[in-house]
Amino acid sequence: MSSLFKSNCLPEKSKKSLVLVGEIGGNEFNYGLAQGKTIEELRKMVPDVVQTIIHGVKEVIGFGATRIIIPGNFPIGCVPAMLTHFLTNNSNAYDEYHCLKDLNNFATFYNHHLQQAIDELNKNYPNVTLIYGDYYNAFLWLLKNAASLGFDKNSLQKVCCGIGGEYNYDLIKVDAQKFQESGLKKCRFDRIYQFGDSLSDTGNCLRESLCGANSACRRLPYGMNVFKKATGRSAESGLPLLNPYEDGKANFSHGANFAVAGATALSAEFLAKSYVLHK
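Take 1 as the starting number for the sequence shown in full-length UniProt numbering and just add one per residue.
Keep in mind the hints are simulated off the structure, nothing from the lab.
Hints may contain errors.
[Said to hold, decoys possible] Result set (DSS-like, lysine-lysine): computed pairs, CA atoms no more than 25 angstroms apart in a straight line:
{"id": "1", "residue 1": "Lys58", "residue 2": "Lys44"}
{"id": "2", "residue 1": "Lys58", "residue 2": "Lys123"}
{"id": "3", "residue 1": "Lys144", "residue 2": "Lys158"}
{"id": "4", "residue 1": "Lys58", "residue 2": "Lys101"}
{"id": "5", "residue 1": "Lys101", "residue 2": "Lys44"}
{"id": "6", "residue 1": "Lys144", "residue 2": "Lys101"}
{"id": "7", "residue 1": "Lys158", "residue 2": "Lys101"}
{"id": "8", "residue 1": "Lys15", "residue 2": "Lys58"}
{"id": "9", "residue 1": "Lys37", "residue 2": "Lys101"}
{"id": "10", "residue 1": "Lys44", "residue 2": "Lys273"}
{"id": "11", "residue 1": "Lys249", "residue 2": "Lys16"}
{"id": "12", "residue 1": "Lys58", "residue 2": "Lys16"}
{"id": "13", "residue 1": "Lys123", "residue 2": "Lys16"}
{"id": "14", "residue 1": "Lys123", "residue 2": "Lys15"}
{"id": "15", "residue 1": "Lys273", "residue 2": "Lys37"}
{"id": "16", "residue 1": "Lys273", "residue 2": "Lys15"}
Since the structure is predicted, the reported quantities are computational estimates derived from the model, not experimental observations.
Whole structure, please, built from the sequences with the hints as guidance.
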């Protein structure tokens, strides 16, 4: 990243840019939950995740950025993957939006700590605009107003191209670089869906070994995007994204995208020691 800033993003250009740092940090908790970690165990990881994000923000400031947005986590208890994984007959486990209370409470806990860290950072950089991106409440607003926005209330928390079940979702089984699914169902997109079946990437993952040319996550029929085109599960999905920074030959005059599908704020070594991620 530093080499790109030095070669393409002169200080004056950085000062005029808007930098979005994240949302990152969520995958640590997603992977932890998948490994059977308790919410209390995940809470212990929060300071490390927040500290790493703040360190990254300081680096960006060092490159000359003066306008930065740092988003928090989503209400993960509303996501079909979590609703499927932690499905229960206990009605008290759900809130008014049929989201899992415990998971959303954890996301709120994490977001609170991130906001506190941003407030402290603001004190040290009075000439830099640092804004917390409230993805959590923005998501809940969409959920609350879904019907008026054109979403089908009967399929609101279902994915568009799954294989059945209460949330039309099937967990992806990952074995090294092999992605397997027990089934696949195409959809015609007759309605607006809030959740898709594809793990999209900005193009950086496609240039990494995990999503290399021979990886199953790049092969059809995985990934049906909003333009009704099968793309490969970790594909760019045809969305109008900034050029991936891994593409050294790209034009970055309008900006660059550093996001990588499945990436974490903490290192793989740290997560492996915490038994959250297998190296």
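Going down the list of hints, with the structure as the test:
With a C-alpha separation of about 23 angstroms, the suggested pairing of Lys58 with Lys44 holds against the 25 angstroms cut-off. Between Lys58 and Lys123 the alpha-carbon distance is near 13 angstroms, which keeps this suggested pair within the 25 angstroms criterion. For the suggested pair Lys144 and Lys158, the alpha carbons sit about 15 angstroms apart, so the restraint of at most 25 angstroms is met. This hinted pair does not check out: Lys58 and Lys101 have alpha carbons roughly 33 angstroms apart, beyond 25 angstroms.
Distance check on the hinted pair: Lys101 and Lys44 sit about 19 angstroms apart at the alpha-carbon level, within 25 angstroms; holds. Proximity of Lys144 to Lys101 is assessed by CA-CA distance (about 16 angstroms); at most 25 angstroms being required, the pair is judged to hold. Proximity of Lys158 to Lys101 is assessed by CA-CA distance (about 18 angstroms); at most 25 angstroms being required, the pair is judged to hold. About 14 angstroms separates the Cα atoms of Lys15 and Lys58, which keeps this hinted pair within 25 angstroms; it holds.
Straight-line distance between C-alpha atoms of Lys37 and Lys101 comes to about 17 angstroms, which keeps the hinted pair within the 25 angstroms bound. Taken as a hint, the Lys44 and Lys273 pair is honoured in the structure, with Cα atoms around 14 angstroms apart against an allowance of 25 angstroms. The hinted pair formed by Lys249 and Lys16 meets the criterion: a straight-line CA distance of about 23 angstroms does not exceed 25 angstroms. Our distance criterion of 25 angstroms between C-alpha atoms is met by Lys58 and Lys16, whose separation comes to about 17 angstroms.
Taking the CA atoms of Lys123 and Lys16, the gap is near 21 angstroms; set against the 25 angstroms cutoff, the hint holds. With a C-alpha separation of about 19 angstroms, the suggested pairing of Lys123 with Lys15 holds against the 25 angstroms cut-off. Between Lys273 and Lys37, the direct Cα distance comes to roughly 13 angstroms. Compliance with the 25 angstroms bound is thereby established for this hinted pair. About 38 angstroms separates the Cα atoms of Lys273 and Lys15, which puts this hinted pair outside 25 angstroms; it is violated.
When the structure is compared with the earlier hints, violations turn up for hints 4, 16 and for no others.
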